[in-house]
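*Asks:* Read off the chains here:
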Amino acid sequence: MPESTLATNSTPADPLKIHPEDLPDIQGLILHGYNMPKTRHFVLTIGDVTAALTFLKNLTSGSGLLSVTSAARWPPGMKPEYTLNIGLTAKGLEALKLPSTINFDTGNFGSFLGGAVAAAETVFDIGPNDPSNWVTKLNRDNADLAHILLSLYTFTPEARLEFSIKLRTMFAPVIPPPGSPGHEVLEWDIDPIIEVDPITLEKYRAIHFGYTDGISQPIIDEVGLPPLRPKQLPYVPAWQFVLRKGTMTSYKLPSPLELGQNGSFSAFRILEQNVPAFDAFLKADGRDDAAQELLASKLCGRWRNGNPVVLRPDTPGPRLSDNEMKDFDYGTDNVGEPCPYSSHSRRSNSRGGPLVVPVGNKIAHRIMRRADAYGPPYTGTDDGEERGLAGHFICSSLFNQFEFIMSQWVNNADFAGGKALSGIDPLLGNVGDVKGVPNQNVFTYWQDRKPIQVQGLSRFVTTRGGLYCFLPSITAIKWMAENGGAANPWKIPPLS
Amino acid sequence: MSVTPVQNALTALFPIKAAFVDVLREKLIKEPINGSGLDAVGTVHFARIFVFQPNNTPGIPSNIAAVITTYDGSFGAYIQDFVDNEDVAAFFDSFLAAVDDKEAEKIIPVAQNSKAFAAFVQKYDVTNPTKPWGQWYSAYPALTVQNILHP
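Going down the list, the sequences are from chains A and B. For the first sequence, the positions run 1 to 496 when the working numbering is used. For the second sequence, the positions run 1 to 151 when the working numbering is used.
Possibly wrong hints are sitting among the right ones.
Restricting the straight-line Cα-Cα distance to at most 30 Å, the calculated cross-link-like pairs of lysine-lysine (DSSO-like) are [stated by the list, open to error]: (1) A:K252 with A:K91; (2) A:K450 with A:K283; (3) A:K245 with A:K57; (4) A:K91 with B:K106; (5) A:K245 with B:K102; (6) B:K106 with A:K17; (7) A:K38 with A:K203; (8) A:K91 with A:K57; (9) A:K491 with B:K102; (10) A:K252 with B:K102; (11) B:K123 with A:K491; (12) A:K435 with B:K123.
If you are wondering where the hints come from, they were derived from the structure by calculation, not from laboratory data.
One chain only, chain B, in its complex shape:
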C-alpha cells in the first residue's frame, strides 16, 4: 500500500561545540522532558534528543546532537505554539547555546524568533522534505496524534 503518511519526519543533526558536549549530554540524561508543552500543541507523536560522537568519521562533525521526531501538520506553522511553552523555549534556548553555528545565538530567545528557529532546524534536518533523503515507514499512515488519542 503506498499511502503518503499524514505524519512527517524530522531528523535534525546539529554540530555541537566541543566544550558543551558533556554539559548537554548530562542535561539530556538527567532532566526529563516536560511533555506538557508538546501535549498542549498536540501534533507530536514521538521525540528523541541525544548527543553522540561519531568516531572521527570523515565529513561528519565529531560532536552531534540529534533531534528526531514524528509529527503531524505543518512544522513552520506550529513552531510558535511550541516555543510559546516556557519549558520548551527554555530547553531550546540552552540547546542553541551549545550548537556550533554562529547563527544559533542570533535566534535566542526562540520564543521571539520562531520563524528563524524553524528555518534553522530545517537547515540541519537531513530528512527535510524539500530534498531527497530515503525511506520511512508508518504502521498507521492515516492517523494523527488527535485521532489516536481521541478516536
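Pulled out of the complex, with its shape left as it was, chain A reads as follows:
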C-alpha cells in the first residue's frame, strides 16, 4: 500500500471537498468501502506506552509487517491483499500519554471523550442493550481498558488468518502481560452473506434478516465528482466526515492541526440480530409468503431484494439498477404510505422529509456505514447461534450524526414531527424499552389511508458492544508516535 507522502501538513484543507492530495492522509475506510469480505476487528489495551508508540510508528513507516491503509486510490486492478485501519478511544489517547497541550473541545467532542458506555442512555442502550450486558472487553466494567480498535479486511479466510498472525505479532508487546487486566484481546470476525439474485444472477450482500444491504451511502464531496443525477441525494460536505478547519464546520478542529485534521470518528457497534424472532413475527397469523414479504418490506422500507417500497409499493418486482435503488425520495407523502414513517430505511435516511431537510448548504445527520454480517447464516430454525451485524458507523460528530439518528429518529415516536402512529424503528429500535411510547409491540403501516396494525412486534436487534473511536489521519498517527509518552500527559477533561 502507498504510505502517506505528506510531511507534517500545516495547510488547512478544504472543508467542503476532498482533494486528491488529501487521500494519502485520510484513513481508507472513511472514504471507501473496500469490498473485502473477510474482516476481523481487534480491540486491545495499551499496557506498555513505549511499545504502543513503536506500534503506531511501524503502522505508518512502510517497513512494519502491516501498514495502515490510506484512502489513496489503488492502480486499476491492483487491490492489496489486506487493508488495515485503526481507531483510538479517548481512554486510548490518554494511555498514549499525549502532551497536555492537545485539545478536543468538550462541547464539540464530548460524546467521544465520554465514550460509548457513557452515551448508553442517549442512544437507547438501555434494558437488554445496557453496557453491562455487552461482550466482556467492551462492557461497563472493562470499557476504560478498551484503547485501540484495529479493523483488518481481507478477501479469504486464509488471508485473514495470515495477516492476523502478523498483526498479533506487531501488537504483542503493546498489550498487558498475561494475568494483568486488559490482557485479553477481543477479536470479532465479520463474514458477509453473499446471495445471488435468482433472476439477474447478480451477487449482493445481505444481512441476516434477508435484506440486501449497503445500497445507499452518503457520497462525500470530492473534486471531480460527476454532476448529480436527477433525484440523487446531494453530495455531503467533506467536513461532515473528515475533520477540517473552517468557519462552516460545526466544530473546532481538535488541536494541534497535525492531530485533528483529516481525522474522523467511529461508533463501532456489535448488534445481535434475533432472526428466529423476526422470522416468527413475519410468519404469525398464518401469513403466506407474499404477505410475509409485504410485511418485511414495510418494516424496512425496502423489499428484501433492495427495491424501495416507495417505488415498488405492492410487489418487489425484479431488482432495480443500483442507481434506481438510490435515487428516490418520499415526495409529498405525509402519511407513511406506501413507506411507513417508522420503516428502518426511512428512519435512518429520510431523504428530505420533514425535520431532516438539508439546512442551507449543510446535509445534516448522515452516517457512513462500514458494517457487515457476523455469525452463521440463518437456515430457518432456531439454532441458538449468535448472529448479527458489526462494524463502524463513521461521522465527524458523534453527537450530531450517530447519536442524533439513534435518539431522534430510530428510537423516537415523535419522528418527523410526530406523525400519527409512527412508533419507533421496528428493526433497529429498542422495542419494549423506550419510555413513554405506548404499544411498542404493535407495528403500524398504512394502506388506503387506513392504519394496518400488526401485533407481536418485539426487539429484533440487541446491542452487544459499542466503542467510540477517533480515526486519526496518517499524519496524526505519526504525530502521536513521536509525541506520546509525555511527562505531563493529557487527561480527558471534565465533562458537564
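Once you have looked at the hints, place chain B on chain A.
*Replies:* Quick look at chain B alone, frame taken from chain A:
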C-alpha cells in the same frame, strides 16, 4: 383534559449590556426575522424576541432581551440544525455580543459551539423544564408543526 403538550416552551431572559440596548432594539425592530432557517428545521411554532427595560425593579436586571418560543421535540438535539443556518447563526452571534455575561463571547460562533449555546440559553430560560416554573396552555396539545402544516 390534562394532556402534556407535545410542544415545549422556552422563555429565556438575557441580561443585556447597557451600551447594547439601543443597538439591539433597533436591530430587532428594523431587521425582520428570516424564517427560512426555522422553517427548514420545522419544529418551531412561534418565536418572539424583544428588548425591555424593567424600571429599576429590585432583583431584575435593568436591561433584558427576551427570547420566547414554542417548539417541538428536543431543544438540545436540534440546536445544531438551527445554528447551521447562516442567518440564524449570524443573528445569535451578534445577539450574544450584547449579552452581559462573560461566558457569552466564548460561545461565538454559535455554529461551532452548539452544545454550549444550548446550555447557555437554558441557563436563562425561566421556563426551563428542569425546574418548576408555572403554567401554560396549548389549544392543540397533540399537534406538532409538521402535523399542522402537513395534515
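*Asks:* For every hint, state whether the structure bears it out.
*Replies:* So, going through the hints one by one against the coordinates:
Of the pairs offered as hints, the one joining K252 of chain A and K91 of chain A holds, with about 21 Å between alpha carbons and a cut-off of 30 Å not exceeded. At most 30 Å may separate the alpha-carbon atoms for a hinted pair to count; K450 of chain A and K283 of chain A meet this at roughly 22 Å. A C-alpha spacing of about 25 Å is found between K245 of chain A and K57 of chain A, which places the hinted pair at or below 30 Å, so the restraint holds. Between K91 of chain A and K106 of chain B the CA atoms are separated by roughly 27 Å; this keeps the pair inside 30 Å, and the hint holds.
Taken as a hint, the K245 of chain A and K102 of chain B pair is honoured in the structure, with Cα atoms around 26 Å apart against an allowance of 30 Å. Restraint check: the Cα-Cα separation between K106 of chain B and K17 of chain A comes to about 29 Å, which is no more than 30 Å; the hinted pair holds. Using a Cα cut-off of 30 Å, the hinted pair K38 of chain A and K203 of chain A holds, with the two alpha carbons roughly 16 Å apart. Proximity of K91 of chain A to K57 of chain A is assessed by CA-CA distance (about 19 Å); at most 30 Å being required, the pair is judged to hold.
Note on K491 of chain A and K102 of chain B: the hinted pairing holds, with a Cα-Cα distance of about 26 Å set against a maximum of 30 Å. Of the pairs offered as hints, the one joining K252 of chain A and K102 of chain B holds, with about 20 Å between alpha carbons and a cut-off of 30 Å not exceeded. Between K123 of chain B and K491 of chain A the CA atoms are separated by roughly 28 Å; this keeps the pair inside 30 Å, and the hint holds. Proximity of K435 of chain A to K123 of chain B is assessed by CA-CA distance (about 26 Å); at most 30 Å being required, the pair is judged to hold.
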